[in-house]
Amino acid sequence: MTALAAILKSDRPRTDAAGDRIFRLLVGGCALLVALALLGTALSMAWGGREAFATFGWKFLTSTDWDAVNHHFGALVPIVGTVVTAFIAMLLAVPVSFGIALFLTEVAPAWLRTPIASAIELLAGIPSIIYGMWGLFVFAPFMAAHVDPWVDAHLGALPVIGMFFSGPPLGLGMLTAGIVLAIMVIPFVTSVMREVFLTVPSRLKESAYALGATTWEVAWQIVLPYTRQAVIGGIFLGLGRALGETMAVTFVLGNAHELTASLLMPGNSIAATIANEFTEADSELYRSSLVALGFLLFVVTFIVLAIAKLMLRRLDRKRGFA
Amino acid sequence: MFHSTSSRIRLAAFAAAALFGAAAHATDITGAGSTFVYPVLSKWSAAYAAKTGNHVNYQSIGSGGGIAQIKAGTVDFGASDKPLASDELAKAGLGQFPVVIGGIVPVVNVQGIASGQLKLDGATLAKIFLGEIKTWNDPAIAGLNPGVKLPDTRITVVHRSDGSGTTFNFTDYLSKVSPGWKSKVGEGTAVQWPTGIGGKGNEGVAAYVKQVRGGIGYVEYAYALQNKMSYALLRNSSGRFVQPNLDSFAAAAATADWAGARDFNLVMTNAPGAQAFPIAATTWVILYKRPKNAERSKVAFDFFKWSLEHGQPLAKSLDYVPLPESLVQRIESYWKTQFAQ
Chain U
1 MTALAAILKS DRPRTDAAGD RIFRLLVGGC ALLVALALLG TALSMAWGGR
51 EAFATFGWKF LTSTDWDAVN HHFGALVPIV GTVVTAFIAM LLAVPVSFGI
101 ALFLTEVAPA WLRTPIASAI ELLAGIPSII YGMWGLFVFA PFMAAHVDPW
151 VDAHLGALPV IGMFFSGPPL GLGMLTAGIV LAIMVIPFVT SVMREVFLTV
201 PSRLKESAYA LGATTWEVAW QIVLPYTRQA VIGGIFLGLG RALGETMAVT
251 FVLGNAHELT ASLLMPGNSI AATIANEFTE ADSELYRSSL VALGFLLFVV
301 TFIVLAIAKL MLRRLDRKRG FA
Chain H
1001 MFHSTSSRIR LAAFAAAALF GAAAHATDIT GAGSTFVYPV LSKWSAAYAA
1051 KTGNHVNYQS IGSGGGIAQI KAGTVDFGAS DKPLASDELA KAGLGQFPVV
1101 IGGIVPVVNV QGIASGQLKL DGATLAKIFL GEIKTWNDPA IAGLNPGVKL
1151 PDTRITVVHR SDGSGTTFNF TDYLSKVSPG WKSKVGEGTA VQWPTGIGGK
1201 GNEGVAAYVK QVRGGIGYVE YAYALQNKMS YALLRNSSGR FVQPNLDSFA
1251 AAAATADWAG ARDFNLVMTN APGAQAFPIA ATTWVILYKR PKNAERSKVA
1301 FDFFKWSLEH GQPLAKSLDY VPLPESLVQR IESYWKTQFA Q
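Chains as they are written, first to last, in the numbering used here: chain U, 1 to 322; chain H, 1001 to 1341.
Bound conformation, chain H alone:
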């Protein structure tokens, strides 16, 4: 009896020490939002925890959910694939900055066409997704691909069935390059697709494009790579056909007009650079300018500072594009001027 009581006390004391010991050394912060950024954020948080002992707990509930959670103040940071407008940020007392860059590529399943062989431009891509171009041997496609033997297969458009930042960036691009798309469909995380079938997530779109002969869809670059999908080249705003790869996404990030964008409110599709791939995307992290909990906010800033300065190789290993140096400097000066750290 005596023995068991004493051991129980000892156990309680040990548990208390462990608990308070951890609390004294580490601060755990929470974030929620974009699924696009989840793989790299979880890698960063593991590496950051190993270095500092502070854990970052991120829940990929979707960008819309992330914005709602940070506005409600239930998390320390939110992450969104769609930037908030400056007045909306100001109203809620929030600030935002990009953390990582990725690309979105058109993937196709056309018989006899190898990966990277097909060339498309924005106007043609928009017409395909509007359902105005119905077969692969349409003159509009053939005109861009001299010497390529295109079959008369019917085109089946595959889009996302769930709301998604990938869709937002893709439709933003189509809206920029096609007035018809802008007026009929517009841009958003979910739009009213004029034609085609919807797949859930990148994996759903990838599966449908692989299965449906004559299919065309859009997925994140990393997804197209891992699934060895046939992708198409796109003509960028300076008239060049560009391969989707880390270099062409980085070129888009470097040449996008960040200087002219308040609160980094810039969707960098159709970037002006000669080597830029036209559909590059980024995820924004959203934080309170005047934090409710100074200690946790400090850790959050330290985490993102570490990520921007030291975490970029990790991002590259997951097929994300590191932020260009000029953009990192711009973000750090934004922190100094906008946030009460």
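Chain U with its partners taken away, still in its complex shape:
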């Protein structure tokens, strides 16, 4: 305290101010680089895809065609596949991650916390191709033999929702891809959640416990509201990975340009289509359509994030935070 007072009292040399300015420029430049890279990528992809947009117009978004022979391209199938698989992944990953993070911060004995936390961080470091190969050689046959037939027989017969769950037991398709994606996303979401749960002041939690709250009530009414913003941030991080994941999805999604309601049927995603077809895209329009798909992935991600932000704001308003 006295040292700080001494500095404040002393006449600060001008070089200090200049140093501060340079520092500010430097970090500002770093931040600007992100914005420039983002803008540059989006613009160059929009430019690369201009031929596809000019040729097909809005039909590029609504057409289910993907016919390289007759040069008819439409992005609906990959867009739907990308959104549906990412949605399944988040539906499974968020509750599980929440459970793991709660267990690690509130329930687990101290000696168990570090090993499980490191195991989760290791999971995050596994390359996606490994998940893809595991999905193809281990998980898909399991799905085909045990899960798909059960889903088809029990859920497929139900009215209305049956159409989402009926199909042949291929083991490959939207459901399998969504589950593999969930497993890939869980470590990301979990580690963020765990970090922020640790920041909740223990006096808040202890007060709640003192009032007779159960562990669940503490988690739901103290920990989660306190860390909500950061938790949502962690979920976005996972969602970003799920939307853009390429290799693992290519292996288990089935890569078929068909629009079906059933989650048991194969589909396609934007990233998988680009990875599969770019090398042999032999006409200008074909290549342009693939680049346009890349641009649409940008747009889809942006829209999904925007919707999530809007929902969050509405939630805040309802609770009287904003």
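Rather than coming from a laboratory, the hints here were simulated on the basis of the structure. No incorrect hints appear here.
Capping the alpha-carbon separation at 25 Å, the derived lysine to any residue pairs in SDA-like fashion look like this:
no., chain 1, residue 1, chain 2, residue 2
1, H, Lys1210, U, Val138
2, H, Lys1210, U, Phe142
3, H, Lys1182, U, Ser283
4, U, Lys59, H, Thr1195
5, H, Lys1091, U, Asn70
6, H, Lys1210, U, Glu258
7, U, Lys309, U, Leu43
8, H, Lys1071, U, Trp47
9, H, Lys1091, U, Glu284
10, H, Lys1184, U, Thr62
11, H, Lys1184, H, Ala1123
12, H, Lys1149, H, Gln1117
13, H, Lys1210, U, Ser166
14, H, Lys1292, H, Ala1049
15, H, Lys1051, H, Tyr1038
16, H, Lys1071, U, Phe278
17, H, Lys1071, U, Asn70
Label pairs and their computed distance ranges (CB to CB):
no., chain 1, residue 1, chain 2, residue 2, range
18, U, Val96, H, Phe1241, 51 to 57 Å
19, H, Ala1340, U, His71, 32 to 38 Å
20, U, Asn70, H, Asp1257, 24 to 30 Å
21, H, Thr1153, U, His71, 34 to 40 Å
22, H, Gln1226, U, Lys309, 48 to 54 Å
23, U, Trp150, H, Thr1153, 16 to 22 Å
24, H, Leu1314, U, Leu237, 47 to 53 Å
To list a few chain U residues with every Cβ distance to chain H over 12 Å, as calculated:
no., residue
25, Glu51
26, Phe87
27, Thr114
28, His154
29, Gln229
Predicted model only: the values in this text are computed from it and were never measured. Note that CB positions come from ideal geometry on N, CA and C, so glycine has one too.
Using the hints provided, position chain H relative to the given structure of chain U.
Showing chain H alone in chain U's frame:
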């Protein structure tokens, strides 16, 4: 100090000698394109380098990429699984010729059916891939296989998800034998498949066919062999059911109508020979007729001449089919008349 400077000079002189020495003796050429031909090209280039000191650097970026690169003039030769039309070649000042032959085989996973036991014809194969035949005990399949007990398993079609010369040859065959396929789907390195799931590369198709009960797909012959997959026999254009093997691919290459094809622009599926397997494929090498760099072009021609005349046993060891003698002669006369060597 003195010592280190002198040693540095000595090192520089040595490096320069090595560099210029190599440049004086060897010319390195580059090529790009088809992944199908990559294993044999890399074997040829290693053997050729050992003999002449000239290195051939080949990048398997895909046929489409190979055509784009040779047209842009960034490589000395391109390689494509799909021939270019004569007018397209003429416009760009290019010439093309086949270098090696391979086969594409239908592979199946049907319970109780041994490899080579199932017989199919082109029309039935097309109907299966169109999704019109849905189960293995369909009368159309049973009619071709009297005495074989076929299960009522659902058929799952497996195709390539990536653009590929294998797909081009396979769909070209289906277009030739089935008017329905030709009008609904057509031929190309990537097509709009009416049904089925897509695997990436030969390995992806092979993995899916092995895993999905009732699966049928198509892979390169070498791939089916190495993975011990069950393949089906196909009825060729002279009505005979043929085993896919090096002999039946060679028969297809020998009986295909090369004489009537300008610039070797011929896809030799559905070849007329009695012993010919109906889906045989080849890779074309594409070169400039008037080379931009005469020295490198000369090496490229020498390399392919050596490959055609001496490299064919190497190709055979990798389960490719050597070009028939008559075709090699035709290619060499094409070189003499078309290229300014």
